[in-house]
Amino acid sequence: MPISQRSATAFYVLVRSKVERHMDGVGLFRHISRTMRKVNLEPDWVVGITRDSCSTNGVACQKLLDLCPNAVDMLCVSHTLQHTGEHMELAVLEDFLTPWLTLISHTQIARTLWFDMMHVTMKGYSKIRRWSRWEVMKQLAENFGDLQRFVAKLEECGIGDATTKAMARIIRTQGRQLQLELALAMDVEVLCTTTYKLEGDGLEILLVYEALESIRRRGRTMGEEASDLPNIASLLRA
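Counted the way our numbering counts, the sequence shown spans residues 6 to 243.
Since the hints were derived computationally from the structure, they do not count as laboratory data. Warning: the hint list may mix true and false statements.
Said to hold, decoys possible - Below are the DSSO-like pairs computed for lysine-lysine, each with C-alpha atoms no more than 27 Å apart in a straight line:
hint	residue 1	residue 2
1	68	128
2	128	143
3	158	202
As the list claims (entries may be wrong) - Pairwise CB distance ranges (calculated):
hint	residue 1	residue 2	range
4	45	238	53 to 63 Å
5	122	43	58 to 68 Å
6	243	27	45 to 55 Å
7	120	233	26 to 36 Å
8	233	182	16 to 26 Å
It should be emphasised that the depicted structure is a prediction, and the values quoted were computed from it without experimental measurement. Yeah, the Cβ is synthetic: ideal placement off N, Cα and C, and Gly gets one too.
Take these sequences, add in the hints, and give me the full structure.
Right, dumping it as structure tokens:
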């Protein structure tokens with residue numbers, strides 16, 4: 006069997022290999038290296054190791070790089086894009102989200118009230134779902150005109166106590182800044198949509214270069230034209 010064909014067969018068997026139990030990084034490395042020997046996959050053949058940013062995978066990858074001298078470490082593009090959101094400095098919005106996420110995570114009656122008033126289901130938040138925090142921001146932005154009324158209703162009904170008071174205080178004293186920061190979050194939606202576009206185990210890798218270059222080109226010119234930040238520009242003109 007030619008080397009290229011053997012490589013493809015070995016790779017297919019390796020990626021189909023199942024991990025039946027929880028492993029730490031060292032255990033995962035041993036599992037992968039055993040599987041490589043089993044399918045006769047030579048370490049020199051490995052040219053790339055793609056993974057997410059889970060610490061277990063990071064430990065396994067570092068050990069695999071020592072074993073496979075020609076391999077490079079490639080972080081999952083979608084995970085990397087997701088972490089870009091952590092570098093956005095939206096201080097007032099973050100102050101508002103802290104009590105908001107506490108409220109929607111623990112208070113069913115608040116979610117019911119939201120549905121009754123807005124006629125849409127309140128977006129939930131999950132630490133493991135990509136961009137779910139941004140999806141909450143988007144819903145707040147889309148319903149910002151009714152947000153003060155909703156929080157006032159929470160206060161009137163005695164729902165949320167300290168969390169509701171904190172949100173009401175921010176809306177009352179920093180409402181304009183909150184609205185601007187929500188608008189800015191909406192203007193970088195491309196980070197979220199590109200993350201979802203590049204998810205998958207198929208040929209999405211072929212889209213990565215152009216997708217990232219598109220974001221970089223936008224970043225280099227952002228702010229030069231009002232059309233670059235349409236939501237911000239609309240608010241500033243109002």
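- [ ] Run the structure past the numbered hints and jot down the numbers of the failing ones, going up.
- [x] Of the numbered hints given earlier, those the structure breaks are 1, 3, listed in rising order.
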